[in-house]
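So the chains spell out like this:
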Amino acid sequence: MTGYFADVAALARKDLRLELRARDTLPAMLLFVLATLVVFHFALPADAGDDPAYGLLWVALVFTSLLGLARAWVPEREAGALDGLVLAPTDRSAIWLGKTIASLAFLVAAEVVALPAFVLFFAPLDAHALAGVALASVGICAVGSLVSAMAAASRGREVLLPLIFLPLAIPIVVGGVGASISEEPGKFLAFLGLYDAVFAILSWAAFEYVVTE
Amino acid sequence: MAETPLVRARGVERRYGARRVLHDVSFELGRGGTLVVTGPNGSGKTTLLRLLVGLAVPSRGTIEVGLDRAHVGFVGHEPLVYRELTALENLDLFGRLYRVPERRERIGMLLERFGLWDSRGERVSAFSRGMTQRLALCRALLHEPELLVLDEPHSALDAQGAALLDQELEALVPRCTLVVATHEPERLGGLATASLALGVA
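Sequences listed follow chains V and R, in order.
Numbered per our numbering, the first sequence spans residues 1 to 213.
Numbered per our numbering, the second sequence spans residues 214 to 414.
In short, the hints are calculated from the structure, not lab data.
Check the hints yourself; a few may be wrong.
[Unchecked claim] Quick list of simulated restraints, FRET-style, between CB atoms:
(1) R:331 - V:120: 48 to 56 angstroms
(2) V:24 - R:331: 22 to 30 angstroms
(3) R:281 - V:206: 47 to 55 angstroms
(4) V:31 - R:277: 51 to 59 angstroms
(5) V:91 - R:397: 33 to 41 angstroms
(6) V:158 - R:291: 38 to 46 angstroms
[Unchecked claim] Here are some of the chain V residues that sit facing chain R, going by a computed Cβ distance under 10 angstroms:
(7) 3
(8) 6
(9) 14
(10) 17
(11) 21
(12) 79
(13) 86
(14) 90
(15) 124
(16) 127
(17) 131
(18) 134
(19) 156
(20) 212
[Unchecked claim] From the derived model, a few chain V residues whose C-beta atoms are all more than 10 angstroms from chain R:
(21) 32
(22) 36
(23) 39
(24) 87
(25) 109
(26) 173
(27) 200
Every residue gets a Cβ at the ideal spot worked out from N, C-alpha and C, and that includes glycine.
Full structure from sequences and hints, please.
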């Protein structure tokens, strides 16, 4: 088991190193989420209240994560590096977990900028909303890493990723908005936790079949 | 009692949609042997090699390899490395995943042997095709595989690199079993213990 987590750490570290070097993904995510919040700020009527704003926050976060996920497997695609990883004697789920952790790091970095901007432009965020964002981020990256690997292996990857990912992200949006505005946020946080557990296990188990022809 | 073959293919067929790439391919290869696979473009050499290493599964028939992934090395058409990592970073990553003992020494030795030591800190994207192919060979040999599967390994190598590869392959046999797809079977004439000529399926 130590070896498994050492592999996961090596793979996640490699993604962080690639991003630090190329700066392909994170700047795009930061610019996108900030630009989206600015546009929403002007699009939302002044008397709309806070609730619609929380909905827009989740739209911004889901689409920002989509931007990152679309680029997640690009380094693996470029020179057949994914085949190199698949051939290695490591458990193939370690490849998925490493990618999920790296994607989560990028999404959290985007959220560190996006959430203060949201508070500045729209409405305050309480502990339940922040917990919702944390749980949702895990679910987004767990499912997204699997789906983006599937999409990366196909010809219509740009179309396929949102087509598969967005329907799977609907429960996350429901849970996230619920945790932000409901009077019983615990119910929605539990729902997000359950979503994370179920989809993380499914993605962990299914990844092997995604990377073999 | 006859030795069990290390690699055994029986009636292997591979289809991509309606297109049949391989049809009824069967062969056996014993430990320490060298199988040379030849055939025109589109005859399925690359597909057969991908099936052998487990990157794809046959549509019909079976392929049995008596080793797990940890003991198989593969050089494909692509280098199977990260273009934006350096040669050293790539080999270090794969060395970790393969649990190579004394990893740094092994990497240093391979980089020296394949003439890449001075370029070890450069990103692969800055390498020439020949240098990238040398790095791909380093990656495949890093964990001292018992079965080495090579898809046109001489391609992109200059005369010096090709001669170096020939020397390496001679040194590997019979400790290592080789499967080599090539358009230049004469290069491996002395090593080949079996051959397989594929036709367009």
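Problem - Satisfaction of the residue 90 of chain V interface hint, Cβ to chain R closer than 10 angstroms - result: For residue 90 of chain V, the interface hint holds, since the closest Cβ of chain R sits about 5 angstroms away, which is under 10 angstroms.
Handout entry: Closest C-beta approach of residue 17 of chain V to chain R relative to 10 angstroms, hint status
Key = holds, 7 angstroms
Exercise for the section: Mind checking the CB of residue 127 of chain V against every CB in chain R and telling me if the closest is under 10 angstroms? Expected result: Hint violated; residue 127 of chain V Cβ to chain R Cβ min 39 angstroms, cut 10 angstroms.
Handout entry: Given hint residue 6 of chain V near chain R, where the shortest CB pair must fall under 10 angstroms
Key = holds, 7 angstroms
Practice task
Can you let me know if the beta-carbon spacing of residue 158 of chain V and residue 291 of chain R is within 38 to 46 angstroms?
Solution key: violated, 22 angstroms
Exercise for the section: Please confirm whether residue 87 of chain V is truly not at the interface, meaning its C-beta sits more than 10 angstroms away from all C-beta atoms of chain R. Expected result: Non-interface label fails for residue 87 of chain V: nearest chain R Cβ at 6 angstroms, not farther than 10 angstroms.
Practice task
Double-check residue 86 of chain V for me: the hint is only fine if its C-beta lies closer than 10 angstroms to a C-beta in chain R.
Solution key: holds, 6 angstroms
Problem - residue 212 of chain V as an interface hint toward chain R, with CB separation required under 10 angstroms - result: Nearest chain R Cβ about 6 angstroms off; hint holds.
Practice task
Could you see if the CB distance from residue 331 of chain R to residue 120 of chain V stays within 48 to 56 angstroms?
Solution key: This hint holds: roughly 52 angstroms between Cβ atoms.
Problem - Check on residue 32 of chain V being off the interface with chain R, judged by Cβ distance over 10 angstroms - result: holds, 22 angstroms
Problem - Closest CB of chain R to the CB of residue 173 of chain V still more than 10 angstroms away - result: holds, 34 angstroms
Problem - Minimum beta-carbon distance criterion (10 angstroms), residue 156 of chain V to chain R - result: Cβ of residue 156 of chain V sits 15 angstroms from chain R, so the hint is violated.
In summary, the numbered hints that this structure violates are 3, 6, 15, 16, 17, 18, 19, 24.
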